[in-house]
Amino acid sequence: MNLIDRFADIFQLSYVAKDRDRAVDVARDKLGIGNFFCFDGKCPVRTRDGIEQLDLRVAVANTGTHQFEIIEPVSGPTWIYTQGRDLDRQALALHHVGIAVVGPYARWEETMARLRADGDEIVQVSEPPAGEAPMAMFAYVDNRATLGHFTEYLWWAPEMNGTPTMPAILQGERA
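For the sequence shown, counting from 1, position 17 maps to 16 in numbering that gives the first Met the number 0; every step adds exactly one.
The set of hints was computed from the structure by calculation and includes no laboratory data.
Note that the structure is predicted; figures quoted are calculated from it, not measured.
Glycine residues also receive a C-beta, built at the ideal position from the N, C-alpha and C atoms.
There's no promise every hint is true.
Each computed SDA-like pair below joins lysine to any residue, with the alpha-carbon atoms no more than 20 Å apart [unchecked claim]:
#1 K41 with V124
#2 K17 with L30
#3 K41 with S125
#4 K17 with V57
#5 K41 with L30
#6 K17 with C37
#7 K41 with V57
#8 K17 with G49
#9 K41 with M134
#10 K17 with R113
#11 K29 with R88
#12 K17 with Q89
#13 K41 with P76
#14 K17 with S74
#15 K17 with M134
#16 K41 with P103
#17 K41 with P127
#18 K41 with G118
#19 K29 with P76
#20 K17 with A99
Derived CB-CB ranges, DEER-like [to be verified]:
#21 C42 with R106: 32 to 38 Å
#22 V73 with E131: 23 to 29 Å
#23 A156 with R27: 28 to 34 Å
#24 D54 with E120: 33 to 39 Å
#25 E109 with R21: 38 to 44 Å
#26 L146 with V73: 25 to 31 Å
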């Protein structure tokens, strides 16, 4: 499948910032986005170096059928967010577009297999919880050489009612 066909399910624009709170202020004042839900995200991810703990400060705002996300990398494999970016010059720097993987977990597994078969470089993927059914999964494909940004594939369990955010987090409240 070619890349543009995959973009049919884009639901998110995501930006990286040196200071999440300052970036939220900029998004509110310059873009009119004021309904951010802010949280600290911590999860294990699989990278080229194995499983590592990733810590982020995140803000998400749903606007219609799309989501605007701001990520402040804190610790762990943060190179994916900072490499090649001058975060001192910009309040917000485009990082990735998010593509929804809709359906059962098997659809997520099929998507990952297709990406690998197509030769896409998956540089970071969430590690499913041991012994539990995952509620959400994400993976980053490095499209910087062709598109200038990463592409994130995000799956969430159908019981999350179609809320494309982090596991157990609904817009503005905890599940």
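Verification of the hints:
no.: 1; hint: K41 with V124; in the structure: holds, 13 Å
no.: 2; hint: K17 with L30; in the structure: holds, 18 Å
no.: 3; hint: K41 with S125; in the structure: holds, 11 Å
no.: 4; hint: K17 with V57; in the structure: holds, 11 Å
no.: 5; hint: K41 with L30; in the structure: violated, 28 Å
no.: 6; hint: K17 with C37; in the structure: holds, 15 Å
no.: 7; hint: K41 with V57; in the structure: holds, 10 Å
no.: 8; hint: K17 with G49; in the structure: violated, 26 Å
no.: 9; hint: K41 with M134; in the structure: holds, 15 Å
no.: 10; hint: K17 with R113; in the structure: violated, 34 Å
no.: 11; hint: K29 with R88; in the structure: holds, 17 Å
no.: 12; hint: K17 with Q89; in the structure: holds, 8 Å
no.: 13; hint: K41 with P76; in the structure: holds, 12 Å
no.: 14; hint: K17 with S74; in the structure: holds, 12 Å
no.: 15; hint: K17 with M134; in the structure: violated, 28 Å
no.: 16; hint: K41 with P103; in the structure: violated, 24 Å
no.: 17; hint: K41 with P127; in the structure: holds, 13 Å
no.: 18; hint: K41 with G118; in the structure: violated, 29 Å
no.: 19; hint: K29 with P76; in the structure: violated, 30 Å
no.: 20; hint: K17 with A99; in the structure: violated, 26 Å
no.: 21; hint: C42 with R106: 32 to 38 Å; in the structure: violated, 21 Å
no.: 22; hint: V73 with E131: 23 to 29 Å; in the structure: holds, 25 Å
no.: 23; hint: A156 with R27: 28 to 34 Å; in the structure: holds, 31 Å
no.: 24; hint: D54 with E120: 33 to 39 Å; in the structure: violated, 23 Å
no.: 25; hint: E109 with R21: 38 to 44 Å; in the structure: holds, 40 Å
no.: 26; hint: L146 with V73: 25 to 31 Å; in the structure: holds, 26 Å
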